[in-house]
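If you're matching them up, the sequences are chains A and B in order. When the first sequence is numbered by our numbering, its final residue is 335 and no position is left out of the sequence of numbers. When the second sequence is numbered by our numbering, its final residue is 1264 and no position is left out of the sequence of numbers.
Hints are not guaranteed to be accurate.
[Stated by the list, open to error] Stretch-level coverage of chain B by chain A, calculated; a stretch enters the list once three of its residues show a Cβ under 8 angstroms from a Cβ in chain A:
(1) 1052-1061
(2) 1111-1125
(3) 1146-1159
[Unchecked claim] Taking beta-carbon pairs under 7 angstroms as the criterion, some of the chain A residues facing chain B (in silico):
(4) 74
(5) 77
(6) 78
(7) 100
(8) 104
(9) 106
(10) 111
(11) 114
(12) 115
(13) 126
(14) 127
(15) 128
(16) 303
(17) 304
(18) 305
Simulated from the structure, these hints should not be mistaken for lab results. Each residue gets a CB set at the ideal place from its N, CA and C atoms; glycine is no exception.
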Amino acid sequence: MLSQTERGAHMIGDPGHQLPDGQWSFRATDVTKTYDSGETFANDGISIEVHPGEVYGLLGPNGAGKTTLVKQVIGLLKPTSGSITLGPYDLVDDPDVARQLCSYLPQAQMPIDSFKAHEAIAISGAIRGGSRDAVRRRADDLIAALEIEEWRDTLGTKMSGGVRRLVGFIMTTVWPGRVVILDEPTNDVDPLRRRLMWQQIRKLAHDGVAVFLVTHNVMEAEKSVDRLAIIDEGNLIAAGTPSSLKSNGRHHVRLQLMLSPGVETPPLPEFVIRDTRAGNNLITVIDESAAATGIAWARNQMAVGIADEYALGAITLEDVYVRLTGHASAAEFDL
Amino acid sequence: MTAQASVTIGVLPAKRQGLTHWLWSYGAMLRWELANTRLILPLLVLAQALSGAGLVLGFGLLMPSLPAYVAAYLVTGAAVVSLIMVGAAVGPQLVAQQKMEGSYDFMWSLPVPRSAAAAAWVTLNTVIAVPGMLAALLAGAVRYHVSLDINPMVIPAVLITLVSGTLLGYALSHAISKPEVTFLVSQVLIFVIFGFSPIAYPAENLPAWLATTHRYLPFVHMADVVRSSLVDGLATDVGHSYLVLGIWSVAATAVTAVVLRRRK
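Bound conformation, chain A alone:
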């Protein structure tokens, strides 16, 4: 097999061949995707820019248009209007190059029932153009880093959902493109290996990849992304760093009650600015000047058996997300 350098050698003159790393920015500009003869907007004028070295979150509830946007990036769908570029390449005009430069981990599990983990990774690396030895070395490192050595020779049918997800992650990143798109990468993965996966995602960004993280788990994203966009009903409704998005609520605090199982949401006092309920969690946002009153109210709820515990804390990205979309994220159900 040819080495990567050998394969690249006959392509000198290609516009991307010697482009400095800094010029490999991803740009989606005014991307609109409509269905039903233009009556339904899956994406409505979305503009996003992601730079090499960044982990960029794409957040939104189910059906918000995240996957539609991703499918346009990798050439599975064509935008109705707008442009998508990566460095010198127009990804809409050239879906072949889009697939070469963007690695994609879909939300669905990888189809690896018949594969041993190391085979699925090796073939994926070959498909992405990596030489056998280089792919093997990096696969070994990633398998070790994610601590899944014991499943190296296990068939996909015998893997747990979490291990399968980790193998899928390695398949996607063993020979990554300039952009790596991860759709809910940590689904089914245990907490320890989630942390290890996040380390590897960070490492990818450090190595110059632009990482696109698609998720509706806002709490996880808050800890992991450099910048993010929130999409709802096809529209980009907010974008920025987690801190900048939270800055609007600087004088607010979050008062969270764990309600007793089966109880109705109690009547809320006037100082509650916003509230949302996810499972037994009642999350309220109050002004920081009302903190003491809020604590007294929460204690009273515990005393009368409505709540089991409470917590007062700083505003999170989750609160911003709930305010903007009206939806609780997946993370709230995990508390």
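Once you have looked at the hints, place chain B on chain A.
Only chain B this time, still in chain A's reference frame:
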């Protein structure tokens, strides 16, 4: 934890294209397809071999003795049915399965030329189909003592039959977005190929309108080119059949190319 190897991202950006990239992609996709069907491949091959032989032996139960001409027609017809069935019916069901599992988008996000992926698919179908053809011929030789006179044209005949049949099924399965509909259509195809195509019997046995229709459909011509390469004197005007199949092959390739490059 082990330190990570360098990702060598710096050499990735050049667009890969040309024959080397195509061959590399074909090889990698063929590895993928063979590994992906590993658990069912032996069963599929066995099922094809059994159905090829079963078709011949089943007719033997119905009609214990047949004139040599009819037996040769039947045996070569069963061999052709085995070839067509995989590409036109079993293949689409495998694609529909990918759509149901949700892995279809991943497969189509892979950075390989669509034509290389299609070629790997045709190769996989060949691996599944050829044993069925051989089993039918073997059963025919044993049960009816059909004497085969295999000539070198068997290679282009089998290839054009497999390529046109498989690509038609392939285009169909990609063009139909709902996998349930693909399953239904492939069932209908099996029904039409088995029962109402003059492959294992002469076209004269069909109503005139259906016989005329089959002059423009590929199935009878697939049978004729393969049959003429296996037994002398069974098919006439093979050149015309190659012409019709050539047109179908070009059309199937063109439709496949359009369907695979189409973005909604």
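Each hint, compared with the structure:
1. 1052-1061: violated (count 0)
2. 1111-1125: With 3 residues in contact (Cβ-Cβ under 8 angstroms with chain A), the coverage given for the region 1111-1125 of chain B holds.
3. 1146-1159: Coverage by chain A is violated here, the residue count being 0 at a Cβ distance below 8 angstroms.
4. 74: holds (5 angstroms)
5. 77: holds (6 angstroms)
6. 78: holds (4 angstroms)
7. 100: Hint holds; residue 100 (chain A) Cβ to chain B Cβ min 4 angstroms, cut 7 angstroms.
8. 104: holds (4 angstroms)
9. 106: holds (5 angstroms)
10. 111: Result: holds, 3 angstroms to nearest chain B Cβ.
11. 114: holds (4 angstroms)
12. 115: holds (5 angstroms)
13. 126: holds (4 angstroms)
14. 127: It holds, given that the least Cβ distance between residue 127 (chain A) and chain B is near 4 angstroms, below 7 angstroms.
15. 128: holds (6 angstroms)
16. 303: Interface hint status for residue 303 (chain A): violated (48 angstroms vs cutoff 7 angstroms).
17. 304: Since chain B brings no Cβ nearer than about 47 angstroms to residue 304 (chain A), farther than 7 angstroms, the hint is violated.
18. 305: With a closest approach of 45 angstroms, the residue 305 (chain A) hint is violated.
Hints 1, 3, 16, 17 and 18 from the list above are not met by this structure, while the remaining hints are.
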